[in-house]
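Chemist: One letter stands for each residue in the lines below.
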Amino acid sequence: MDTILSLQDVGKIYQSGNRSLTVLDNVNFSIDTGSTVSIVGPSGSGKTTLLGLCAGLDRASSGIVELHGTKLNGLSEDQLAAVRNQYIGFIFQNFQLMPTLTALENVMVPLELRGEKNVKPRALDLLDKVGLAERSHHYPTQLSGGEQQRVSLARAFSNRPKILFADEPTGNLDAETSEKVVKLLFELNREAGTTLVVVTHDLDLAAKTQRIIRVKGGKIISDAPSSVQNQ
Amino acid sequence: MNQEGLNFSWLLQMAWRDSRKNRSRLLLFISSIVLGIAALVAIYSLGDNLRQNIDNQAATLIGADLALSGNKAVEGKVKTMVDSLGTERSEERSFASMVLFTKSGGNRLAQVKALQGNYPYYGELETIPVQAGKDFRNKKEALVDQTLMLQYEAKVGDSIKVGEVTFAIAGILQKAPGQTGLTSTVAPSVYIPMQYLDETGLMQKGSRVAYRYYIKYAPKTDVEALTKVLEPRFEDADLDYKTVQSQKEDTGRSFQDLTRFLALVGFVALLLGCIGVASAIHIYIREKLSSIAILRCLGVKAYQAVLIYLIQIVGIGILGSILGAILGTAIQQFLPIVIKDFLPFELTTDISWLSIGQGLAIGTLISILFSLPPLLSIRKVSPLNVLRATSNDSKPERDPVTWLLYGLIILFIFGFSFLQMRTWVEALVFTAGILASFIVLYLTALLLMWLTRRFFPTSWSYLWRQGLANLFRPNNQTAILIVSIGLGTSLICTLFFTQTILLTRVNLSTSGNQPNIVLFDIQPGQKEEVLALAKSQNVPVNQSVSIVNMRLEEVNGKTAADFKQDTTDKQSGRIFGREYRVTFQDSLTKSEKLVEGKWEGVYKNNGSLIPISMEQGFAKRSGLALGDTMTFNVQGTMMQTYVSSMREVNWGEVQTNFLVVFPTGVLEEAPQFHVMLTHVPNPAASAKFQQAIVQQFPNISIIDLALVLKVLDDIFNKIGFVIRFMAGFSILTGLIVLIASVMISKYQRLQESVLLRTLGASRKQIFTITALEYFFLGALAAFTGILLAFAGSWALAKFSFEAEFKPDFLPVAALFFFVSILTVIIGLINSRGILSQPPLEVLRQDT
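Residue numbers (numbering that gives the first Met the number 0), protein chains in the order written: chain U, 0 to 230; chain D, 0 to 846.
The shape of chain U in the complex, shown without the other chains (with noise of 0.2 Å):
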């Protein structure tokens, strides 16, 4: 199977004045296209730096980061906009909608930004599958949490992405929302075949995925098959 995101001996050292503080170390791993991962790791251990990095969101301070054969390291600020753009989708815990966007636009976006005509049946299409088709027009400000994370879903995959990053997309959702939404993401990645990386707490969702990388003090600790783990 084609490898879509690796990482080789990658760290991240944040400087302080003339104190630094290594966050990752010597990080090595690598996921294969179409495959379930996630990351879990108590608060702290380094994993929501790890999910910045693979997804070309920040630098790696050393190693490298190769996301569909593109090397992340040695790119402008632009043209990793563009990688996003065109291979990424994501799930924040705290939703990040754009306020000022109706729940439609949102969806549209990274749509828009490809330069993609008549995205607006796609658009909706989606927000129908996600059971929000009625509340198309309606701001963030006028959907109840799970909605918006469901808004956040229709939009993560409304540009086709090869890999979609989810920072732990149920950590602000009740638990039966949680589960809808849950369940919902699984579909929908299972639909479009796209490999899916979630970042979380939540032992229970991780059990979900197909391997399970276990983080602590910037360092993996195990990078597993998760029904091995959960043995």
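Hints were generated in silico from the structure; no laboratory data involved.
Treat each hint with caution, since some may be false.
[As the list claims (entries may be wrong)] Computed footprint of chain D on chain U; a stretch qualifies when at least three of its residues, placed anywhere within it, have a C-beta under 8 Å from a C-beta of chain D:
{"hint": "1", "region": "43-53"}
{"hint": "2", "region": "83-92"}
{"hint": "3", "region": "97-103"}
{"hint": "4", "region": "110-120"}
The C-beta atom is built at its ideal place from N, Cα and C for all residues, glycine as well.
Fit chain D to the known structure of chain U by using the hints.
Modeler: Here is chain D on its own, set in the frame of chain U:
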């Protein structure tokens, strides 16, 4: 993917979408520039209309095709030349003289104009009744300026005595060519027919008379070309000339200066608004950081993100400019009312599309220029912000592009002021002055904030501490508000101080035992009689001096013509054009001080050069130095003199002072007149004394300083009104910036107030904290502005007016409280939404 093809229309669409929920706020930011643009469009339109009106009415400003003027009657060859000009000619002799209203017994110094011929050929002497302007010339009748008629409650048909002749008042003079409301206040005119001039007995040797000749040419004559040919002959005859074209240029130039000055005042208001815009956009962008990070995360490039917000600013900037242009065009309709007293012609107001275009261009340019520095920070927004909002909090490095923009802004201010002033030096001084004022206010604001923080009153109650602490909270608007409100307050306050300084100065001069009546044109034979009359009425004569009129012929052996040819000479050729009124005395007066050379009070008449004394400032301006020789022409007799001393003269004293002083023993026999200064204790005694003088000595002119003071006060009020009107734009802009800033910070303090309410704070407590914060803000701003005004006015008083600066504290205190309270009121009105919203609703609200 076709991201390169991400077209402009998508950016437009995004800008439109993103602005949807913030449009009213954006408009509020831009409203800060609306008034500035309105002021500029109004003033540009005024300038445009003035230009057009001057073009259309130039001929009526002068009343003829050519006007010649000199200070002696033309004779011989010159007269033949003048008589040969044009197809029709008129002559006017004008001089200052007392006129007596026989019915009321009132008398006043007026500008008497004896007229012969059909002048004016263009326009007319506008009178009530209309025919009077033409008919009075053939009868023993006079036209009297309306201000005089009103002052002495005279009616058409009453009599007026000019010198020895009594004229019937044929009509009320409302307007004459080239006359303004202001000139008629200062020197109201009385027209009489020329044939009765000699009978008045006012034309005596030494009388100061202006001779004017008005010439009409056949239509289509090229008067400009003709006068070019005649120019040397006019110069030889000491005649000045004006044509319709030169009058047009002169008038245009003086009003260009006025509109340029007003445009600069308007520009200050605009700059103030721009700083408001920059600060508002700065906060706006901070609030948009998460949206920008999301966009960046989704693949929007840095420059595209900048463009999305720039498009919003440009759009709203254009809208603001359109609003400003509409408002300016409306204001322009009222400006003629404000300045009509300064205009020698009827001003009509048309919509000036050129000015509107200029306003739109400047408004758009300025909103882009001033919003770019905060907008450019968008480039630095990391997409990582969607994961961690703190990742951008490290201290931002200085962006060279931002410095470049600051440079461009300064260049823009300089460019704009250069366009108004047309000289590099003045534009530089203006730009530096503007920057210095802003910097001083800004630094004062920072200092006050630092002091508040440093000496924070920890023992005060919580509400007071919270209100005060809000002044230096993150994202505070303290500095910008202190700059804008402070500048407005400072402008108003300085204006008030300056007016007080000047009026106090004039008032002082006329109080106590200072002279308050000046008698001049006293002929040598009348001197003793006038002294006797004064004595009989118990009027003390403070000073009596002789005055001899003379003209300058040569300086160091060079004539005016020589100076004209030698442009490199440091001496000014202009010293030749004027008439010198000179006195002679053997010692210095109490208002004079010898600063250079040797004072020689008596001339020994031994054939050597006559030692004269020059006033220091005049000598400096004219490039004259000790030892320079000067030849004066005294009614045909040449006087060879040299500069033996320089005097410093205190012009503030009410007494006669002179640029040139001769020693005794030279001019005693020359044609001369006398000036006397007296002090009359009260208006009744003043009226009695003046009446006696006018009746016994009709040729003697009287200046009543009480009247002068009244006229000055009137002029100050008129000029003050124009300046206050323009300063009003700055104040109003300051208020709008205040409203805008309060609106912006409302969103910031929303969360804080909600938290306080969640923790159990009452509405009253939150209200008190807010009120106190705005009071501190308004008070600091007003205090800073007043402080600046104090410094400026003190400097003006000391260095420019050389007067004592004694500010009146009561109005200043009133201004301080007015500005502070107004700030509190605006702050509270805008914050009332915070108080009335339930916490839950606010928690759900987006920012």
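Chemist: Taking the hints in turn, state whether each one holds.
Modeler: Consistency of the hints with the structure:
Remark: the region 43-53 of chain U is confirmed as covered by chain D, as 3 of its residues place a Cβ nearer than 8 Å to a Cβ of that chain, reaching the required three. Here's how the region 83-92 of chain U fares: 5 of its residues keep a CB closer than 8 Å to some CB of chain D, so the rule of at least three is met and the hint holds. A count of 4 residues in the region 97-103 of chain U with a Cβ less than 8 Å from any Cβ of chain D is obtained; the coverage claim is therefore met, three being the minimum. Only residues whose C-beta sits within less than 8 Å of a C-beta in chain D count toward coverage, and the region 110-120 of chain U has 5 of them, enough to reach three; the restraint holds.
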